[in-house]
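Going line by line, the protein sequences match chains G and R.
Going letter by letter, the first sequence gives residues 1 to 169 in this note's numbering.
Going letter by letter, the second sequence gives residues 1001 to 1140 in this note's numbering.
It is worth saying that the hints were derived from the structure and are not from the lab.
By construction, the Cβ of each residue, glycine as well, lies at the ideal position given by its N, Cα and C atoms.
Take the hints with a grain of salt, since some may be wrong.
Stated by the list, open to error - Covered by chain R, according to a simulated footprint, are these stretches of chain G (three or more residues, beta-carbon under 8 Å):
| hint | segment |
| --- | --- |
| 1 | 43-54 |
| 2 | 150-162 |
Unchecked claim - With a straight-line Cα cutoff of 25 Å, these simulated SDA-like cross-link-like pairs (lysine to any residue) come out:
| hint | chain 1 | residue 1 | chain 2 | residue 2 |
| --- | --- | --- | --- | --- |
| 3 | G | K47 | R | S1031 |
| 4 | G | K47 | R | I1052 |
| 5 | G | K47 | R | A1049 |
| 6 | G | K47 | R | Q1051 |
| 7 | G | K47 | R | S1032 |
| 8 | G | K47 | R | A1047 |
| 9 | G | K47 | R | G1040 |
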Amino acid sequence: MTRLRVILATVIALLTVTHNASAQRLMSGGGIGLGTGLERSDDLQDKLFRRARTRIVVPFDFRIDEDMSQGIGVVALFEVEPHVSLGAELRYMRWLGRSFVGFAGVTSVIAPRSLLGVDVGADIYIPFGKSGVSLFIEPSLAALPLGSDLPQDRVLLWLLLSAGIHANF
Amino acid sequence: MRISSRLFIAFAATGAAGATAWFSACAPYGSSCLRNSDCGTGEICLAAACQIDPSALASMDAAIESDAASALEAASLTDASVKSEATPTIPTDSATDTADTGDVDDSTEASDATDARDGSTTTDASEDVVGDRGDAGDGE
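Excised from the complex, chain G in its bound form (with noise of 0.2 Å):
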C-alpha cells in the first residue's frame, strides 16, 4: 500500500511540474533579387570566363525554431538576359551566425532546355533595424554537368553574385 502511495504520488508530482511543451514553428524567409557573374565551359578556348546570363533569383527559406542553425532553402530562377530561361534550385542550409548562411543544393534549369547539376555558396544578410528585413549578398559556385542544354556534355561552371531583399516572414 504504501508503495502504491509513493507511485501515486511520484505520478501527480510529475505530472504537474512538467511543462506543456510547444509545438514546433515554422520559420520562413523569403526574397527577391538580381543575380549574374561568370560561366566556364571547357568548348571555350579564347578566353577563361564569359558573363553569365543575367537572372532573377526569388529565394525561400524555411526552418524549425527547434533548430534554427539549419533549414531547407527553395530558390526560383529566372535567367532574363541575353536568353531567357526558367530553372529550380533546393538547398541545405546551415546558419553560421545571424547574419552568415552557408548552403549546399542542387540547381536545375527547366526550360527551354535543361539543366541539372549541384552548387555551393553563402548568404550574407545585412539588416535594416530590427524589422526582419535584410539586404542578401549571395556569391555560389554551381557545376552542372546533365542536362539537353550542355554542348557535347560538357560540364558547365557558374560563378555568381546575387543581391537582393530578404525578410523573414
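Take the given structure of chain G and dock chain R to it, following the hints.
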C-alpha cells in the same frame, strides 16, 4: 499530274529553304555559345559556335522526302483514276477506226493503181500479141 507533283516538290523545297533562311536569320549563326539555348531555333552549340543542328536538318529532309513520296503517290493515284475514267470512252477508239478506214480506202486506191498497172500490162501483152501476129503475118 507529274508536272503538278514536281511543282509541289519545288514549292516544298522552296518552303523548306525559306524556313531555314528565316530561322538562320533569327539565330546568331556562328556566334559564340556555351549552351544550346544560346543558339537560335534549329541550331545547336558545337565547338563554342552556333551551328545548324544536323538532326534538325535530317528530320527536315525526311519530312520533305515524305511529302514528296505522298505527293507522288497522290499523283499516281490521280493518274490511275484518270486512266480508269478514260478507258470506257469508246468514241476515241471509233475515231481511230475511222482513221483506219481511211487507210483502208487508201489501200484500195493502191490496189486500184495495181489494177491499172495490171491493165497496162495486159495492154502491153495484147500489143505483144498483136505484134506477134504481125510477125506471123510477115512470116507468111
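Is K47 of chain G within 25 Å of S1031 of chain R, Cα to Cα?
holds, 15 Å
Mind checking the alpha carbons of K47 of chain G and I1052 of chain R for me, to see if they're no more than 25 Å apart?
Satisfied, since the Cα-Cα distance of roughly 24 Å is no more than 25 Å.
Keeping to a limit of 25 Å between CA atoms, is the pair of K47 of chain G and G1040 of chain R held or broken?
holds, 23 Å
Using C-beta distances, would you say chain R covers the segment 150-162 of chain G, given that this needs three or more residues below 8 Å?
It holds, with 5 qualifying residues against the three required.
Need the status of pair K47 of chain G, A1047 of chain R: alpha-carbon distance at most 25 Å?
OK: K47 of chain G and A1047 of chain R at ~14 Å, within 25 Å.
Is the straight-line distance between the alpha-carbon of K47 of chain G and that of S1032 of chain R 25 Å or less?
Holds, at roughly 12 Å.
When I compare C-beta atoms, does the segment 43-54 of chain G have three or more residues closer than 8 Å to chain R?
holds (count 4)
What's the verdict on K47 of chain G and A1049 of chain R, does the C-alpha distance respect the 25 Å limit or exceed it?
holds, 14 Å
Does Q1051 of chain R sit within 25 Å of K47 of chain G, going by the straight-line distance between their CA atoms?
Distance of about 20 Å is within 25 Å: holds.
Every hint from the earlier list agrees with this structure, and none is contradicted.
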